[in-house]
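Given the sequences, and given the hints that come with them, work out the whole structure.
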Amino acid sequence: MAQQPISINPTRTHRLAVAKALNESRPTTILDICCGDGWLPESLEYPAHIHGLDLYAESPSGYALFQKGDFNLGVPDNLGRYDAAICCEAMGYLQNPGLFLQSVRAHLNPGGRFILSVPNPNYAGARINHLIQGFPRSYSWFSQNDTPEPHMPWLTLGLFQLWLLLGLNGFKDITVLEVQEPKPRRSWERLVGWIIKAYARKRVRKAKNESVRRLWEQALSDQVVYGRQLVVSAVACD
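Each number in this note's numbering comes from the position in the sequence shown (counting from 1) with 10 added on.
Everything labelled a hint here was simulated from the structure, so no lab data went into it. Careful, some of the hints might be misleading.
Computed list of lysine-lysine pairs in DSSO-like fashion (alpha-carbon distance at most 27 angstroms, straight line) [as the list claims (entries may be wrong)]:
(1) Lys193 with Lys212
(2) Lys216 with Lys182
(3) Lys30 with Lys212
(4) Lys207 with Lys182
(5) Lys218 with Lys207
(6) Lys216 with Lys30
(7) Lys182 with Lys212
(8) Lys207 with Lys193
(9) Lys182 with Lys218
What follows is a list of derived Cβ distance ranges for each label pair [stated by the list, open to error]:
(10) Asn119 with Asn82: 19 to 27 angstroms
(11) Asp80 with Val214: 39 to 47 angstroms
(12) Asn106 with Gln190: 26 to 34 angstroms
(13) Ser69 with Val214: 25 to 33 angstroms
(14) Leu75 with Glu55: 30 to 38 angstroms
(15) Arg215 with Arg91: 28 to 36 angstroms
(16) Ala74 with Tyr209: 45 to 53 angstroms
(17) Gly108 with Lys218: 31 to 39 angstroms
(18) Gln77 with Glu55: 23 to 31 angstroms
(19) Tyr209 with Asp47: 23 to 31 angstroms
All of these numbers come straight from a predicted model, not from anything done at the bench. Heads up, the beta-carbon is just placed ideally off N, CA and C, and yes, glycines get one too.
What follows is the structure, given as structure tokens:
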């Protein structure tokens with residue numbers, strides 16, 4: 011069995027989910043927003059034309075084009091259109107997520123796919139932590155507010171926020187992708203999850219339209235209820 015690239019190790023399971031989705035759909039052109047260490051090219055099982063965008067990283071290998079840029083300003087106008095775009099573990103740092111998503115949509119071909127990953131702020135254990143601490147554990151660095159530190163996420167984007175933001179900014183077919191991780195990680199989370207799922211099932215039964223039903227059916231999934239990672243795919247509207 012071939013050994014997985016170091017950049018796709020088990021501690022970065024969201025990358026496995028993103029790579030799996032791309033390898034299944036095989037887009038020809040891909041924009042990797044906040045490409046970081048440049049993990050994507052070695053994770054694809056087919057040839058693709060990949061452009062990278064990042065503010066802090068240097069030009070990684072395997073990219074047809076790399077550009078420095080602050081994604082708070084959106085995708086640079088000089089970049090073209092793509093069959094797919096990805097943004098991994100970065101949207102929690104955005105100051106204007108709606109404007110960012112509009113710029114991503116503008117750089118996707120009709121029917122193009124956007125795949126993003128964020129820490130899941132609403133898994134069962136995090137909800138208990140939130141009750142005690144007052145904010146999700148993954149987002150506890152916001153007290154440093156005088157410099158834009160490279161790792162200072164503040165925006166808690168869960169399924170419901172992403173569903174709203176993506177829908178308002180030109181995307182459809184919003185889907186939570188499965189991530190290979192323990193679900194639940196701790197036995198006591200299953201009890202909390204039972205309560206969460208009971209509420210979600212009630213909302214599914216009372217859904218007034220198919221869009222609402224689809225949202226709550228995904229909120230009912232083990233990935234949303236127990237998973238530490240949230241990987242979401244959406245398709246650009248024509």
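So, against the hints stated earlier in the document, which numbers end up violated here? 3, 6, 13, 14, 15, 17, 19
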